Amino acid sequence: MKNIRSLNVAAHRDFGYFFSSLIIVYCLSGIALNHVNDWNPDFIITKENVSLGKTYTKEQVTREVILGFGKKVGETNFKVFDFPTNNQVKIYYDNASLHLNLESGTGVYENVSRRPVFYQANVIHRNSLNGWKWASDIFALMLIAINITGLFILKGKYGLKGRGKWLIAAGTVPPLVAILLMEFL
Amino acid sequence: MKTRLIIMLALVFAGLTGFISSCKDSTANPAGAAGAKQKTGVLLVNHGSRSATWRQALLDLEASAKDSILAGGDVHGVKTAFMEYNEPSIATRLKEFDAEGCTDVIIVPVFLTVSPHSFDDIPTIIGQKEDPQSMEVLKIEKIERYTPKAKTHITPLLDFTDIVQKNILRRVKAISKDTANEGLVMIAYGDETYTKEWSALLNGVGEYVKANAGINAHAHGWCGHIAHYNPDSTTVAINRVLSKKPKAIVVPVLVAHDEMFQVKIIGDGINKIENVAEKITYKPDAILPDPNVTNWVINISREYVMKVQNRTAQK
Numbered sequence: 057m058k059n060i061r062s063l064n065v066a067a068h069r070d071f072g073y074f075f076s077s078l079i080i081v082y083c084l085s086g087i088a089l090n091h092v093n094d095w096n097p098d099f100i101i102t103k104e105n106v107s108l109g110k111t112y113t114k115e116q117v118t119r120e121v122i123l124g125f126g127k128k129v130g131e132t133n134f135k136v137f138d139f140p141t142n143n144q145v146k147i148y149y150d151n152a153s154l155h156l157n158l159e160s161g162t163g164v165y166e167n168v169s170r171r172p173v174f175y176q177a178n179v180i181h182r183n184s185l186n187g188w189k190w191a192s193d194i195f196a197l198m199l200i201a202i203n204i205t206g207l208f209i210l211k212g213k214y215g216l217k218g219r220g221k222w223l224i225a226a227g228t229v230p231p232l233v234a235i236l237l238m239e240f241l
Numbered sequence: 040m041k042t043r044l045i046i047m048l049a050l051v052f053a054g055l056t057g058f059i060s061s062c063k064d065s066t067a068n069p070a071g072a073a074g075a076k077q078k079t080g081v082l083l084v085n086h087g088s089r090s091a092t093w094r095q096a097l098l099d100l101e102a103s104a105k106d107s108i109l110a111g112g113d114v115h116g117v118k119t120a121f122m123e124y125n126e127p128s129i130a131t132r133l134k135e136f137d138a139e140g141c142t143d144v145i146i147v148p149v150f151l152t153v154s155p156h157s158f159d160d161i162p163t164i165i166g167q168k169e170d171p172q173s174m175e176v177l178k179i180e181k182i183e184r185y186t187p188k189a190k191t192h193i194t195p196l197l198d199f200t201d202i203v204q205k206n207i208l209r210r211v212k213a214i215s216k217d218t219a220n221e222g223l224v225m226i227a228y229g230d231e232t233y234t235k236e237w238s239a240l241l242n243g244v245g246e247y248v249k250a251n252a253g254i255n256a257h258a259h260g261w262c263g264h265i266a267h268y269n270p271d272s273t274t275v276a277i278n279r280v281l282s283k284k285p286k287a288i289v290v291p292v293l294v295a296h297d298e299m300f301q302v303k304i305i306g307d308g309i310n311k312i313e314n315v316a317e318k319i320t321y322k323p324d325a326i327l328p329d330p331n332v333t334n335w336v337i338n339i340s341r342e343y344v345m346k347v348q349n350r351t352a353q354k
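Heads up: the sequence lines are chains A and B, in that order. Residue numbering for the first sequence follows the working numbering, starting at 57 and increasing by one per position. Residue numbering for the second sequence follows the working numbering, starting at 40 and increasing by one per position.
It should be emphasised that the hints constitute simulated quantities derived from the structure, not laboratory data. Honestly, I wouldn't trust all of these hints.
Here chain A is said to cover these stretches of chain B; the calculated rule only asks that three of the stretch's residues, wherever they fall, bring their Cβ under 8 Å from a Cβ of chain A [stated by the list, open to error]:
hint, stretch
1, 95-106
2, 161-175
3, 229-237
Derived CB-CB ranges, DEER-like [stated by the list, open to error]:
hint, chain 1, residue 1, chain 2, residue 2, range
4, A, Gly124, B, Glu231, 24 to 30 Å
5, A, Lys135, B, Lys181, 31 to 37 Å
6, B, Asp271, A, Pro231, 22 to 28 Å
7, B, Pro285, A, Leu223, 52 to 58 Å
8, B, Asn334, A, Asn105, 40 to 46 Å
9, B, Val315, A, Ile224, 57 to 63 Å
10, A, Glu120, B, Asn338, 33 to 39 Å
11, B, Glu139, A, Gly86, 53 to 59 Å
12, B, Asn242, A, Ser77, 48 to 54 Å
13, A, Ala66, B, Gln167, 28 to 34 Å
14, B, Ala316, A, Ile204, 26 to 32 Å
15, B, Asn251, A, Pro230, 37 to 43 Å
16, A, Lys135, B, Phe199, 46 to 52 Å
17, B, Glu180, A, Trp95, 17 to 23 Å
Keep in mind it's a predicted model, so treat the numbers as computed, not measured. Yeah, the Cβ is synthetic: ideal placement off N, Cα and C, and Gly gets one too.
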């Protein structure tokens, strides 16, 4: 029995050490993705309003005119341009684009860059890497193992049979209330 | 102690052996197959969905249009590709056309109206554009980019014609009971970048229904990313119509039926209305199936096959 207990403590401790960085990655990314409707957790998109000073028709937009538009936002060359509608043009640059309304002579210059740390954490969390789902499955199973081994570390009044059972019961209340609210409201 | 540590580490890494590094960009040769005998494929591209019902509707569209497109012998093959979520993806299908020796692929986007999917994502996937945001998002979503050896030609979208207007009119007439007391609520996916164009499309449809069915109040709401997939936009649009008319007909302006949209999001939005059974008429259907859409696919494919042939003949 003593051997099992010491093996349990060792497993909890060492799995805990090993997965500590991944737990932080998943927690950070979890918070970031929870608020996906309020911010872009993956990219920093900077937008700059642009005024052309005059209006254009689709027919007036030539390669030279496109180069002129680019100069207004500090772009000296472009990859390609295309017309989403008859009164709009979108110009593509390296890591940026310029979307213009030809009728109003205004538009938005948009620059895209990866949000440091969060981008990488979200790639892991969302299984955007081929094969990572197996790693995340193992991680999930190990979290269960860390959880279960943690229940049996202490004995006595601070153990599972003491305050532990009450705290476990208390911990089930928030998800239960949430589920009941969802079902009956 | 060391043995235990080694056993634990071995357990953890055992499952990681199949890990392969992240998605890679295509390294295609855009040179095409100049000089080779012309061989044209038609690829019907749609958004893709986790709903099997949704996907089947798009596969049925291909089945209904295929024989007519192939008749005449100008087209080598007709296939369907899903942009997101599912295989066969666009890249998979383009590789197949390449392997079959196609020189040209006509891409028919089965999308309602302009959006970053049709304007940026699809051209970026097939190597026609390099939209920075699309490239990053495609990488995250594990959508492979592939520039085929065949030349690609993208056709206009569904809103290029009056198909959407006719489709909604038919569906409204099928469930309308009392035109004088009814208003029309249209719920579409929507888009942040092209809200004006989406609103113009739906306003046009509303006016068309008004002129042809006599239902003279209409409003629209969104159920896609722009509304955060939230039913509130549906409820707001319904209430706008109910402020003018005692009853509302709710019509999903969505390409096909997806339980998440027609049942969950729009359904939940409807259920927030008081006396819903009295006030709301709703059928969770979709634009497909529609013989007019099938004909549009056939006609636009033929039109582009001829364009490609003429261009090649001129060269």
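List of violated hint numbers, smallest to largest: 1, 5, 9, 11, 13, 14, 15 and 16
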